[in-house]
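Once you've looked at the hints, dock chain W against the given chain E.
Residue-level listing of the chains:
2 protein chains.
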Amino acid sequence: MPTKADPSSPDGTAPGKITIADIAAEAGVSVPTVSKVMNGRADVAPHTRERVEAIIRRHGYQRRADERSRRSNLVELMFHELESAWALEIIRGAEQVAADNGLALVLSESQGRLTPGHGWLEGVIARKPLAVISVFSDLTGQQLAKLRARDIPVVVVDPIGEPDLDTPSIGATNWNGGLTATRHLIELGHTRIAMIGGPERVLCSRARVDGYRAALETAGLQVDPDLIRYGDFHVASGHRQFAPLLDGPNRPTAVFAGSDLQALGVYEAARAAGLRVPEDLSIIGFDDLPVAQWVGPPLTTIRQPLQDMAAAGTRLAITLARGEEPEHRRIELATSLVVRQSTAPPRGRAV
Amino acid sequence: MPTKADPSSPDGTAPGKITIADIAAEAGVSVPTVSKVMNGRADVAPHTRERVEAIIRRHGYQRRADERSRRSNLVELMFHELESAWALEIIRGAEQVAADNGLALVLSESQGRLTPGHGWLEGVIARKPLAVISVFSDLTGQQLAKLRARDIPVVVVDPIGEPDLDTPSIGATNWNGGLTATRHLIELGHTRIAMIGGPERVLCSRARVDGYRAALETAGLQVDPDLIRYGDFHVASGHRQFAPLLDGPNRPTAVFAGSDLQALGVYEAARAAGLRVPEDLSIIGFDDLPVAQWVGPPLTTIRQPLQDMAAAGTRLAITLARGEEPEHRRIELATSLVVRQSTAPPRGRAV
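Protein sequences, first through last, are from chains E and W.
By numbering that gives the first Met the number 0, the letter at position 245 of the first sequence is numbered 244, and the numbering carries on one by one without gaps.
By numbering that gives the first Met the number 0, the letter at position 203 of the second sequence is numbered 202, and the numbering carries on one by one without gaps.
Isolated chain E (complex conformation) (with noise of 0.2 Å):
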């Protein structure tokens, strides 16, 4: 998607009407160097790149149809990591509708960083993608704004914090799936519920903690901050959060985790303590991963559609590089409550 030009710009100069000629002009550059800043290569100096990149976010300069079509048939995957099961679904999803257009998939890994480097958006530059899909990690104004000044879309998918209003997003209604899981136990009679959460900074991890927050206090029972613990979305901090919980006189009955991994964890903790799943603590996980039904006792949880997601992603980042409007540019896929064995009424209480 273009920068659109303001209007009112003080040259006045339509959108999409100005030249590399032009622009190397303005800048007291060459066409070359123009050329080089916009393919993204190294050999410019900062300063040069600097005012040339200004210049085109100025103008909005707009390829021309034919510049367009010599692009890579690439679409470029960026993920903040691909450690587990998680990652695969979306690849998936972006696979099949990347092949079902005759494009391929780039993967690229921030390594663990929530925001990539700076070495990643050279190397995105000089690959000139159609568009790129960043996976649950966020890029920073700069780097969108490079992107955008080479028609380069990209959509967020599961973002971790507020994507600005520009970037369009698909994610999975978080506060409702946490509402869900919560009010599910709730339903079973529990009323000492623990809330394993992923990390604090990362949105859907934060509506999925509000979303048990509201199922408790719906229903006329006590929020209890102890029993609210943070982490990330892997095994070993499921594990590590829970643990501790159950050490206390009055310890819960139930645990809604943010994550399937972190309900792996708390399986490994409750098996540790010699407590029985779902006898003697009930547990529902976030996501539905394929693993979820092949644990013992097969995991309760909320269902995010991340095949689903990655593909309307994929898809809205197509539509995007063609040019098109696409009919929504922000969108929240439903989550949906499975049912599995890992979830029963409180000992001593029947329903």
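No lab work stands behind these hints: they were computed from the structure.
Any given hint could be a false lead.
[To be verified] Computed footprint of chain E on chain W, listed as stretches where at least three residues anywhere in the stretch have a Cβ under 8 Å from a Cβ of chain E:
| hint | stretch |
| --- | --- |
| 1 | 85–94 |
| 2 | 97–105 |
| 3 | 119–128 |
| 4 | 262–276 |
| 5 | 291–299 |
Glycine residues also receive a C-beta, built at the ideal position from the N, C-alpha and C atoms.
Showing chain W alone in chain E's frame:
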């Protein structure tokens, strides 16, 4: 890796000395037509394409160094399917090495076919990757020849069949892994040991079954063909192949599954039949996917170093793309036994 010209070739051309103009003259076509064929463009008549490719193959056309450097910074990772956590381990190993070398990874999937279709090759040739890594899938001789004619080396990771001698490959010591798995069960005291194998035509699967047979025979135990079943490597197959073996009067007390996912299917079949693992049935898998440690009880398995295999394959591909000769062209990385809690002596037997 360029196809080496035969020193005794009819016209005695030395390898690497022929130009695009020579190829065009010999084929009776224009220079741009030869370029189109080399760049995988679709707008060339099939018989023209074949004639040009045959000439390139015969002469072993060697791209100039500057042409080589104009390649994209992509490594192509081609999967038979992206369905399981197995694929993710391969992706992670390859991505790390690609990133360390400033390269990006392109993923493609042959959508469940063990040999990719025609559209795949056209896409690859248009993308001009530095190298292709074919994972658990076979390229046809023609596909290999077309890639070689364009100086795109191919490395096979975890070959399905026996790759031709020119194709470098990275595998695991599957036979040895099968032997080790079965010996572990024999040492615990089991004598009725079932084998749930992968697809019969797949070489790594056959090697595991042969290792199983060798362990039984060298221990003086009889191989009962009724206890050997073949399926695919997924959960449902493990369940389906194993369940009938529980019906007879002389049921097995242990089972070696050809993959961890098949082992999880065996868990399901055991649960459905009311058998406890490992008290009533010992189960050992193959792969050591992350899920193996999360299931209840944690799965004893044979570790296959999937990330290391993918990393070694990617390094090998990069070496070949640089025109360097690798130290080894065929490597098998060692498997190892990981004992967890799904195997134990058979009931009624003291050890």
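How the hints compare with the structure:
Coverage of the stretch 85–94 of chain W by chain E holds in this model, with 5 residues showing a Cβ closer than 8 Å to a Cβ of that chain against a need of three. Figure legend: the stretch 97–105 of chain W, annotated as covered by chain E; annotation consistent (5 residues with Cβ-Cβ distances under 8 Å, at least 3 required). Counting residues of the stretch 119–128 of chain W whose beta-carbon sits less than 8 Å from any beta-carbon of chain E gives 3, enough to reach three: the coverage restraint holds. Note: the stretch 262–276 of chain W has 4 residues with beta-carbon separation from chain E under 8 Å; the three-residue rule is met and the coverage holds.
Given a C-beta distance limit of less than 8 Å, the hint that chain E covers the stretch 291–299 of chain W holds, as 4 residues qualify and 3 suffice.
When the structure is compared with the earlier hints, no violation turns up for any of them.
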